[in-house]
Amino acid sequence: MTSFEKRRAIEAQKKRIEAIFAKHRQRLGKSAFLHPPGARGGRGRPSCGCRR
Numbered sequence: 001m002t003s004f005e006k007r008r009a010i011e012a013q014k015k016r017i018e019a020i021f022a023k024h025r026q027r028l029g030k031s032a033f034l035h036p037p038g039a040r041g042g043r044g045r046p047s048c049g050c051r052r
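Going by the UniProt record's numbering, the first residue of the sequence shown is number 1, and it counts up by one from there.
Possibly wrong hints are sitting among the right ones.
To be verified - Here are the simulated DMTMM-like cross-link-like pairs (lysine to aspartate or glutamate), alpha carbons at most 20 Å apart as the crow flies:
#	residue 1	residue 2
1	Lys-15	Glu-5
2	Lys-30	Glu-11
3	Lys-23	Glu-11
4	Lys-30	Glu-18
Said to hold, decoys possible - Ranges of calculated distance between the beta carbons of each label pair, as one might list FRET restraints:
#	residue 1	residue 2	range
5	Pro-36	Phe-4	46 to 54 Å
6	Thr-2	Ala-32	26 to 34 Å
7	His-35	Phe-4	46 to 54 Å
8	Leu-34	Lys-6	36 to 44 Å
9	His-35	Ser-3	23 to 31 Å
10	Leu-28	Phe-4	34 to 42 Å
11	Lys-14	Leu-34	29 to 37 Å
12	Ala-12	Leu-34	32 to 40 Å
Please keep in mind that the hints were generated in silico from the structure rather than gathered at the bench. Predicted model only: the values in this text are computed from it and were never measured. Virtual Cβ for every residue (Gly too), placed ideally from N, Cα, C.
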């Protein structure tokens with residue numbers, strides 16, 4: 001395997017990993033959008049953490 005082939009293989013692997021991370025970030029963002037913090041209610045306190 002030449003150095004050129006090795007470099008192409010490494011770049012292809014890097015591209016696959018970046019795609020996996022992008023998909024994971026998208027799922028996290030969707031989850032955060034669908035289930036915002038403090039939306040569960042119950043305690044009666046504001047979710048921003050400020051005191052009244």
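- Looking at the structure, which of the earlier hints fail to hold? 2, 6, 9
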